[in-house]
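Note that the protein sequences, when read in sequence, are chains R and E. Just so we're aligned: the first sequence equals residues 0 to 298 in numbering that gives the first Met the number 0. Just so we're aligned: the second sequence equals residues 0 to 275 in numbering that gives the first Met the number 0.
Keep in mind the hints are simulated off the structure, nothing from the lab. Model, not experiment: these values are computed from the prediction. Hints should not be assumed to be uniformly reliable.
The calculated DSS-like cross-link candidates involving lysine-lysine, where the alpha carbons are at most 25 Å apart (straight line), are [as the list claims (entries may be wrong)]: (1) R:196 with E:9; (2) R:207 with E:9; (3) E:102 with E:163; (4) E:9 with E:102; (5) R:196 with R:207; (6) E:163 with E:115.
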Amino acid sequence: MARSPISQFSPARWLERRLPVIVVSPLFALSLFFVYGFIAWTAYISFTPSGVMPVYDFQGLAQYERLWATPRWYVAIKNLFIFSSLFIAISMAIGILLAILLDQRVRAEGLIRTVYLYPMALSFIVTGTVWKWMLNPGLGLQRLMREAGFENFTFDWLVNSHYAIYTLVIAAVWQSSGYAMALFLAGLRSVDDEILKAAAVDGSSPWKTYTSIVLPILRPVFLSTVIILAHLAIKSFDLVVALTGGGPGYATDMPATFMYAFAFQRSELGVAAASATMMLMTIIAIIVPYLYSELRKTA
Amino acid sequence: MARKVSTRRKAIMTAIAWVIAFLIFFPILWTIILSFKSEGDAIKSPLQVLTSHWSFESYFVVQERSDYFRHFWNSVVISLGSTLIALVIAIPAAWAMAFVPGKRTKDVLMWMLSTKMMPAVGVLVPIYLMFRDWGLLDTRIGLVAVLCLMNLPIVIWMLYTYFKEIPNDILEAARMDGATLSSEILYVLTPMAVPGIASTLLLNVILAWNEAFWTLNLTAAKAAPLTAFIAAYSSPEGLFYAKLSAASTLAIAPILILGWFSQKQLVRGLTFGAVK
Numbered sequence: 000m001a002r003s004p005i006s007q008f009s010p011a012r013w014l015e016r017r018l019p020v021i022v023v024s025p026l027f028a029l030s031l032f033f034v035y036g037f038i039a040w041t042a043y044i045s046f047t048p049s050g051v052m053p054v055y056d057f058q059g060l061a062q063y064e065r066l067w068a069t070p071r072w073y074v075a076i077k078n079l080f081i082f083s084s085l086f087i088a089i090s091m092a093i094g095i096l097l098a099i100l101l102d103q104r105v106r107a108e109g110l111i112r113t114v115y116l117y118p119m120a121l122s123f124i125v126t127g128t129v130w131k132w133m134l135n136p137g138l139g140l141q142r143l144m145r146e147a148g149f150e151n152f153t154f155d156w157l158v159n160s161h162y163a164i165y166t167l168v169i170a171a172v173w174q175s176s177g178y179a180m181a182l183f184l185a186g187l188r189s190v191d192d193e194i195l196k197a198a199a200v201d202g203s204s205p206w207k208t209y210t211s212i213v214l215p216i217l218r219p220v221f222l223s224t225v226i227i228l229a230h231l232a233i234k235s236f237d238l239v240v241a242l243t244g245g246g247p248g249y250a251t252d253m254p255a256t257f258m259y260a261f262a263f264q265r266s267e268l269g270v271a272a273a274s275a276t277m278m279l280m281t282i283i284a285i286i287v288p289y290l291y292s293e294l295r296k297t298a
Numbered sequence: 000m001a002r003k004v005s006t007r008r009k010a011i012m013t014a015i016a017w018v019i020a021f022l023i024f025f026p027i028l029w030t031i032i033l034s035f036k037s038e039g040d041a042i043k044s045p046l047q048v049l050t051s052h053w054s055f056e057s058y059f060v061v062q063e064r065s066d067y068f069r070h071f072w073n074s075v076v077i078s079l080g081s082t083l084i085a086l087v088i089a090i091p092a093a094w095a096m097a098f099v100p101g102k103r104t105k106d107v108l109m110w111m112l113s114t115k116m117m118p119a120v121g122v123l124v125p126i127y128l129m130f131r132d133w134g135l136l137d138t139r140i141g142l143v144a145v146l147c148l149m150n151l152p153i154v155i156w157m158l159y160t161y162f163k164e165i166p167n168d169i170l171e172a173a174r175m176d177g178a179t180l181s182s183e184i185l186y187v188l189t190p191m192a193v194p195g196i197a198s199t200l201l202l203n204v205i206l207a208w209n210e211a212f213w214t215l216n217l218t219a220a221k222a223a224p225l226t227a228f229i230a231a232y233s234s235p236e237g238l239f240y241a242k243l244s245a246a247s248t249l250a251i252a253p254i255l256i257l258g259w260f261s262q263k264q265l266v267r268g269l270t271f272g273a274v275k
C-alpha cells in the first residue's frame with residue numbers, strides 16, 4: 000500500500016494511505032488520556048492540600064514532607080525492597096534451573112511445562128487464598144510437620160510481623176517461577192546446537208558449558224525477565240490483599256496498599272497521591288528505557 | 000550436551016521434573032481435594048483429610064449462600080465483554096500498524112504498551128471519582144469499560160506481533176491479481192489472521208478473568224465477579240476452608256481448562272511477544 004507508487008490522485012487511494020493514522024490516533028489518544036492524563040491528575044493532587052476530597056489549591060511539597068515523615072511509608076518501601084529483590088532473585092534462580100532441567104529432553108515436556116505454568120494463569124487472589132491455608136500455623140505446613148512427629152516444628156511466618164513479608168515472597172515465587180522458566184527455556188532453545196557440540200568436543204564439562212557459554216548468551220533474557228518481574232513486584236497489590244491484608248498490623252504494607260489505605264480508609268488523598276507519584280517515578284525510571292531499547296531492537 | 004542425553008539420565012531427569020511438577024501443582028490439588036470435604040474434616044490433619052468422606056456439600060452451601068452463578072455470570076460478561084470490545088477496536092489499529100507502518104508506529108506502540116506498565120493505583124482515585132459521579136460503581140458496564148481500556152495496549156500489541164508474521168508477498172500477489180482493499184482484507188488476510196486473533200482473545204479473557212485490582216475496588220455486590228467472590232470468603236477468619244476451597248475451585252476451574260489450551264499464548268502475551 001504505502002510502497003506502491005501513486006500516479007494520480009484518487010479518493011480511495013488517499014483514504015487507504017491515511018487509514019492507519021485515522022484508526023490509530025483515537026486509540027492512542029484514548030489510552031494516553033486515561034492513563035497518563037489521570038496520572039498527571041494524581042501527580043497534581045500530590046501538590047495540593049487534598050484530604051477526603053480533591054481540592055485544587057497548589058501548596059507545594061507539603062504532602063511529600065508528610066509522606067516522608069510517616070513511619071508506615073518507610074515500612075512499605077522497605078517491604079517493597081525486600082520483597083522485590085528476593086522475589087526476583089529466587090524466581091529467576093528456580094526458573095533457570097527448571098528451564099535447564101526441561102532442556103534435558105525429558106519425556107512429556109509439554110505436559111510438564113503446562114503444569115509449571117499453571118500458577119501464572121491463576122489470579123493473585125486465588126494464590127493468596129491457597130497459600131493462606133498452606134501457611135496457616137494451625138492448619139497447614141506447621142501442623143503437618145507436628146503430626147508427623149516433629150513436635151517443636153514452628154512455621155508461623157504468616158502471623159509473625161517480622162517474617163510475614165517472606166510469606167508473600169513464597170507465594171509470589173510459586174506463582175512466577177514457572178513463568179521465568181518459560182522465558183529461559185525459550186532462550187535456551189535459541190542457543191545454537193553447534194556451539195554446544197563444539198564445547199563438548201573441546202572437553203568442556205556440562206557445568207562449565209552452562210556457566211561460561213550458555214548463560215552469557217542468555218544475557219538479554221535475564222534483563223527482560225528482571226524487568227518483567229520487577230514491574231510485577233512494584234504493582235503487587237492483590238496478592239498482599241489476599242494473603243496478609245497488609246498485616247499483621249501494617250507489617251506487610253507495600254506502596255500500592257499504602258496508597259490505597261491512605262486514599263480510601265484514612266482520607267489522606269494528598270499523601271496517597273504523593274506516594275503514587277513516587278511509585279510512578281520509580282517505574283518510569285526502570286521501564287521506559289528498557290521498553291525503548293527493546294522496541295528499537297525487535298519491532 | 001544438553002540436547003544429547005543418555006536414556007538413563009533422561010529417565011532421572013523426567014522423574015525429577017515430575018516430582019517438581021507435583022510440588023508446584025500440590026497447592027491447587029489440595030484446594031480441589033478440600034472442596035469435597037465437610038468443614039469438620041477439612042481442618043483435620045492432612046493425612047486424615049484424604050481418608051475422610053467425600054461430598055459435594057460445600058459446593059451447595061457456597062451456591063446457596065453467595066450465589067456462585069451470579070458471580071460466575073458477572074465474570075463471563077466482564078471478561079468476554081471487555082475482550083471482545085477491545086478486539087473490535089484493536090484489530091483495525093493493529094492491522095494498520097502491521098501492514099502500513101509509518102515512521103512513528105514504533106513510538107506509538109511503545110507509548111501504548113508503557114501505559115500497561117504503570118501501577119493501577121496511580122489512576123485509581125480519578126477513575127473511582129469519575130465512576131461515582133457517573134453512577135458506574137458496581138456496574139458491569141463500568142468494569143467492562145475499565146478492563147477494556149486497561150487491556151487494550153496488550154491486545155493491540157499481541158495482534159500486531161501476529162499480523163507482522165503474515166508475509167507481505169501474499170498481499171502483493173493478491174493485489175497483482177486485482178484484489179480490491181476490501182476483498183484483500185476479507186479473503187486473503189482474515190483467514191490468516193484468525194489464529195492470532197483467537198490466541199489474543201483467549202489470553203485476554205484469562206487476564207480479565209483474573210483481574211482483581213479493579214474488580215475489588217469498583218464493585219460491591221451487584222456486579223462482583225469471581226475474584227471478589229473469593230476475596231469475600233477469604234477475609235473472615237474461621238472454619239471456612241472447605242467452602243473457601245469450593246469457591247476457589249469453582250473460580251479456577253475455567254482457567255485450568257482454558258489454560259490447558261492456551262499455555263503458549265499465555266507466555267507470549269505475558270512477555271509482550273518476546274517469547275513465541
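Holds or violated: are the alpha carbons of residue 207 (chain R) and residue 9 (chain E) at most 25 Å from each other? At roughly 20 Å apart (the allowed maximum being 25 Å), residue 9 (chain E) and residue 207 (chain R) satisfy the hint.
Would you mind confirming whether the straight-line C-alpha gap from residue 196 (chain R) to residue 9 (chain E) stays at or under 25 Å? Holds: residue 196 (chain R) and residue 9 (chain E) sit about 18 Å apart, inside 25 Å.
Sort out whether residue 207 (chain R) lies within 25 Å of residue 196 (chain R), counting only the CA atoms. Within the cut-off at roughly 13 Å; holds.
Keeping to a limit of 25 Å between CA atoms, is the pair of residue 163 (chain E) and residue 115 (chain E) held or broken? 21 Å, holds
Please work out if residue 9 (chain E) and residue 102 (chain E) have their alpha carbons no farther apart than 25 Å. 50 Å, violated
Going straight from one Cα to the other, do residue 102 (chain E) and residue 163 (chain E) come out at no more than 25 Å? Roughly 16 Å separates the two Cα atoms, so the pair holds.
Consistency note: the structure conflicts with earlier hint 4 alone.
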